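Note that the protein sequences, when read in sequence, are chains A and B.
If you're matching positions, the first sequence starts at 249 in the working numbering and goes up one per residue.
If you're matching positions, the second sequence starts at 70 in the working numbering and goes up one per residue.
Hints are computed from structural coordinates only; laboratory data are not their basis.
Given the structure is predicted, the values throughout are model-derived calculations rather than measurements.
All C-beta atoms in this analysis are idealised placements derived from N, C-alpha and C, irrespective of residue type, glycine included.
One should not assume that every hint holds.
Said to hold, decoys possible - If you want the ones that stay clear, here's a sample from chain A, every Cβ over 12 Å from chain B, calculated:
# : residue
1 : F332
2 : F373
3 : L431
4 : E437
5 : I449
6 : V453
7 : Y496
Claimed, not checked - So the derived label-pair ranges between C-beta atoms look like this:
#  : chain 1 : residue 1 : chain 2 : residue 2 : range
8  : A       : L356      : B       : S108      : 26 to 36 Å
9  : A       : V520      : B       : G254      : 57 to 67 Å
10 : B       : T269      : A       : K531      : 41 to 51 Å
11 : B       : A431      : A       : K531      : 44 to 54 Å
12 : B       : E306      : A       : K349      : 12 to 22 Å
13 : A       : L378      : B       : K182      : 54 to 64 Å
14 : B       : K182      : A       : P339      : 35 to 45 Å
15 : A       : K531      : B       : K182      : 23 to 33 Å
16 : B       : D176      : A       : P339      : 46 to 56 Å
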Amino acid sequence: MLGAVALWIIIMIVLPQLFMLDFSFRNNWQQIDPSKMGGPEDVYTLVNYHFLAFGSPNNPDPFNVVDVSVFFRTILAAVFVTLFDLALCYPIAYYLAQAAKGAKARLLVLALIIPFWVNELLRAFAFRILFGDEGTINAALMGLGLIEQPIDFVRENVALYAGLGYAYILLMIFPIYNVVESLDKNQIEAARDLGASWWKIHRRVVIPFAKPGITSGCTMVFMLSAGALAAPQILGGPSSLWFTQIIYQWFNTGSNWPRGSAYAIVLMLTCVLFVLIVMKIFKVKIGEIGR
Amino acid sequence: MSADVQLDNVWVQFGDFVAVRDANLTIQGGEFFSFLGPSGCGKTTLLRAISGFQEPSQGRVLIGGQNMAGIGPNHRPTALIFQNLALFPLMSVWENISFALEVKGVDKASRRKKADELLELVALPGQGDKMVNELSGGQKQRVAVARALCAEPEVLLLDEPLSALDLKLRQHMRTELRAIQQRAGITFIYITHDQGEALTMSDRVAVMREGVIDQISDGTTVYDHPETAFVASFVGENNSFSGSVKTVEDGIATVETPCGVFRARTSTVAPLKAGDKAIVFVRPEAIDFLGSTDRENVVEVTLTQQEFEGHFWHLVLHADSGAKIRMSVMNDGKRDTPELGSRVSVGFPILSAIALVSGELAAD
Ligand SMILES: Nc1ncnc2c1ncn2[C@@H]1O[C@H](COP(=O)(O)OP(=O)(O)OP(=O)(O)O)[C@@H](O)[C@H]1O
Ligand SMILES: [Mg+2]
């Protein structure tokens, strides 16, 4: 059993990543001079990482302004999406786990799951319609006379955040639901009986108990939104780039796999590091996530 | 300090199901009051109505003379100890205990001080920094009491808190709880389906059956002067003989049963008259072999089973009518009990037997 798991992890995760890692330390000989591939000049180099940090040699700026700022904006936006999802999903998960009963709870779960039968692309385009200039929301707001001019939700990235946030709500709800469901109702009642307000009950009893679920939900949502591609492509404003889009350009239009790999690895390592630091701050052990 | 609790025509219904039917009683301030009844009879429901987790469908709950309608559990002068204790596993012992103060915004040093005082009170000094799961069952129990006392309730509600403990510890905790109640000087409302617990600890006991309170008396009265057939059969061991009343004279009823005609005292609360269906109850320890003393009520029986329990012999007898009779004989070390299968005559005095209006008996 353990052997099978190890084999699975090696084939599916470790090996491909090692290839990527190897790529990221090479020149893009494919384009420069394919004949030199594997030759004496094909040595490991930091050129791709250097490019991400400082840009091309004739870049007048002290660092690669475009890529680096997109990188940090992406991380920041992913954090924002994660927090937004947490704020949205914690009450839903709590309600499902502790308050809702029987048919009502099942109905709510269906309402949460069924929209995800629609595939990601379709959903993203649907959000474009929802948030577009002539979209449902603008039409409603104008119909109510709240605004004169349609709001450009796409340019303001509202559509992107909403789309990303919505795309991962289940990944936030279910881990939290799982944990909160196992919380003894009497604990909540005991806290209430001792005079605690609702806020206090959540802060001292429910949230500490739900921490492993909250952590795994946040980790997944953060990683996936930082690494999302479709939603930023479709819903992102014209002026905003997601870091994954830059990576995609290197792999695809740029035909520069080594540079794409380097960018992707930096993104991945930063995300992992970030998650570990946050977990350290909130005193969550990695083992707790698996519970 | 301690408040009285008054239930005034309290009903609790879940849909069509009536969990508590017309409860009326007054519990005095400072009293140790128990609700005793079989599983599912509505004890927890009644306690939840007092603590505020369950609004009565009808009637009023008054605490210290104040109507509690619409007042939530966090604003009532009660504290509830849950059937499963419900300690907070992620907090240390002292944090658990002082939670009620934390909620009020009391500073940490005073909270810690109060928690340590309460740990003294429940005889767990110096255990404040442990985590809850490092405690034994009895210690957890005491922490739950301390946590509830920290809220300085006027009424402490306890929902079968000892049921998870083993016999020895349970007996120890009974004495302990009673002592804590006297030290704290507040009203205790205690729920249990264990009659030994109810009888030893309480000033008064209310015996419940399917949502109805059958009798409210002190322990000895419940045991010696049951008012309903259910109470007689639920509290302690009792033999029952169903029959019909022939005559009633000076508080003594003559009842004709398949095992013979028995004379027994009647209850002043639930009097009988000739022609009523009645049940005569006799405790196993009130029955003896004939000949040792004169007996008014005599039955011919066959001895079918016997069990030796040190200071008692427990015998099972069968009357000719087929009725099973249990009898307990004190072991004085002198007497030999008859052989299994032998026929003997047993009897019991009139004043040790009680005739009650026929009614539902407790399940064995
Ligand atoms: N929320 C509820 N909804 C419907 N029925 C309920 C509810 N709570 C309790 N009941 C019913 O009311 C009856 C009394 O329940 P309660 O919990 O008060 O019993 P209890 O005397 O405390 O029993 P136990 O000794 O087993 O704890 C039971 O038949 C139970 O099924
Ligand atoms: Mg109960």
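Against the structure, the hints:
1. F332: Non-interface label on A/F332 holds, nearest chain B Cβ at 27 Å vs cutoff 12 Å.
2. F373: holds (45 Å)
3. L431: violated (10 Å)
4. E437: A/E437 is in fact no farther than 12 Å from some Cβ atom of chain B, at 6 Å.
5. I449: A/I449 not clear of chain B: closest Cβ-Cβ about 9 Å, inside 12 Å.
6. V453: violated (6 Å)
7. Y496: holds (44 Å)
8. A/L356 <-> B/S108: 26 to 36 Å: Because 33 Å falls inside the window, the suggested range holds.
9. A/V520 <-> B/G254: 57 to 67 Å: holds (59 Å)
10. B/T269 <-> A/K531: 41 to 51 Å: For B/T269 and A/K531 the Cβ distance comes to about 46 Å; the hint holds.
11. B/A431 <-> A/K531: 44 to 54 Å: The hinted range 44 to 54 Å holds for B/A431 and A/K531, with Cβ atoms some 53 Å apart.
12. B/E306 <-> A/K349: 12 to 22 Å: Given about 42 Å between the Cβ atoms, the range is violated.
13. A/L378 <-> B/K182: 54 to 64 Å: holds (58 Å)
14. B/K182 <-> A/P339: 35 to 45 Å: holds (37 Å)
15. A/K531 <-> B/K182: 23 to 33 Å: Distance hint for A/K531, B/K182 holds at roughly 27 Å.
16. B/D176 <-> A/P339: 46 to 56 Å: violated (31 Å)
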